[in-house]
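Student: Sequence:
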Amino acid sequence: MKRAAVASKGILTGAQKWFTGIVTTLAAVMTLLLNAKNLGLSPFLGLLEPNVADHAAHRIVLTPRADTLRAIGDTASVTATVMDVRGGVLPGATLRWRTSDSSVATVDSTGTIIARAPGRATISVSVREVVASAPVLVRQTAVRIAVAGDTSLRVADGDSLRLAAFAVDAREHRVAGPAPRWSSADSTVARVDTLGQLRTVGAGRTVLTAVHGDLRALVPLEVALTPATIAVVSGAAQRALAGRPLAEPVVLQVRSRAGAPVAGVAVALTTEHGEVALSPAEATTDAQGRVRTQWSLGARAGAQRLFARVAALDSALTAIAYADPVAANTRIEVLGDSLRAPVASQLRALQVRVTDTLGVALAAVRVAWSALDGGAVAGSALTDSAGTATARWTLGRRAGVQRMVVHVGDPRLIPATTVRATAEARAPHALLLRAGDKQSATAGKALAKPIVVQVQDSLGNPVVGAALRTAAAAGTVHDTVATTDATGRATLRWTLGSKAGAQRLDIRLSGTKARLAVSATAKAPVATPVRSEQRRVDKPRARE
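So for the sequence shown, this note's numbering puts the first residue at 764; every next one is plus one.
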């Protein structure tokens, strides 16, 4: 009994398992068929599709047959009517929508078309093997011109910029095609080319127009004068005694980028050390964009600076004036030892130091140089930070003492300083006979007049201390080696030879090829007649 009960229980358990498996499998199949559309398996399970309308579909009619969209983002709806073979409408058919070009237009499962870009696309719908299609044209239509940036412009005189404008459709999408063309109502205020490159000309107001087909966009433009530079009109580089006002006011002008004067601009004026008076120290530009100020220099001699600042500008203008030293408070010193150089040559650098009575160097004080005895001099026009000025002095062509004067500050108030240099003759070059040639004397006697020769350099200056050597063909010279004196001359005494006739003396300049010959004529001595002398013999007197 027990065995039979167990066997019966085993058979029932196996049947239950088999039944449960069949039910589970059928449930899975039904679930798959119901969800085949969502899982993309409809084409493969079409034969098992539970929708009867899909199998009865014979024709699809689309309404409208074609459509045109005028803006990117525009939508249109297409209605699909499914009919059977007898023309009856089949509701509930499964519609599958597609587009030939999703970059031009897309369509969703309800037949709603959305424009994506200009072009053509085909929208198709299918029920199983039955297909219908309709063309869609996306053609943007411009409805207005959009201008990039502000609707009105305010720019500075002299500025230039590129304007950007484009046509847009009803949904504000840019319409492809040529850009709008620009023009300006007043070319004296601003000029713009057709591509939108704007250049301002002068201050004022005008209207810029962008045109695209029948569409127009107007952009009001205001060109305002804006400070761009500040410059000195007059009064710079003036000179005055330290502590005294300049003779003329300093005039400054504020200009726009195009160079037009800008009125009504505040200008702040200051000085380098803040020790001088400016009247006024703040001013506003007039109709010509100018301000004027009277500048009184400080007590320090040298360059002084005025600074002019405009709030709209990053940098300040610097104007320079020069304060001349006062004679009573000025000391001038020539640096270096005695100056000496050959004629027409350049001396070593000559320096002059300018200080006040306390020995403080006077920097940026004007210095003028002038050579008095020929030659030339060129030097710095201002003293440096150490109060020194340097010049190069080229001596004149004449030997001897030469002079140069240095003017410091105002030459009418401070006496000139004279600098002297010795110009030495160059090397001996020429030997000249000045006197004593072609004399005559009795043979064996000295000539009555001395022989005078002179030595010169290449520029004609007498050479001192030049050595001369003499050689007499006949007779003798007192000095066979002679030297020139301060005038470049040497004096020679020649005693002729004992023989009558022409005689010659050669003179040579040592160290050169220069030489000359002096001639003289020796005369024969004159014979003196012998006189006989008669001697008288006195007779003796008789004695008385």
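Just to be clear, a hint being listed does not mean it is correct.
What the hints assert, rightly or not - Pairs of lysine-lysine residues, derived as DSBU-like cross-links and limited to a Cα-Cα distance of at most 30 Å, are as follows: (1) K1201 with K1212; (2) K1286 with K1212; (3) K1212 with K1276; (4) K1201 with K1276; (5) K1262 with K1286; (6) K1286 with K1201.
Rather than coming from a laboratory, the hints here were simulated on the basis of the structure.
Student: Hint by hint, note whether the structure agrees.
Tutor: These are the hints, each one checked on the structure:
1. K1201 with K1212: holds, 10 Å
2. K1286 with K1212: holds, 16 Å
3. K1212 with K1276: holds, 27 Å
4. K1201 with K1276: holds, 23 Å
5. K1262 with K1286: Roughly 8 Å between the alpha carbons, so the hint for K1262 and K1286 holds.
6. K1286 with K1201: Holds, at roughly 13 Å.
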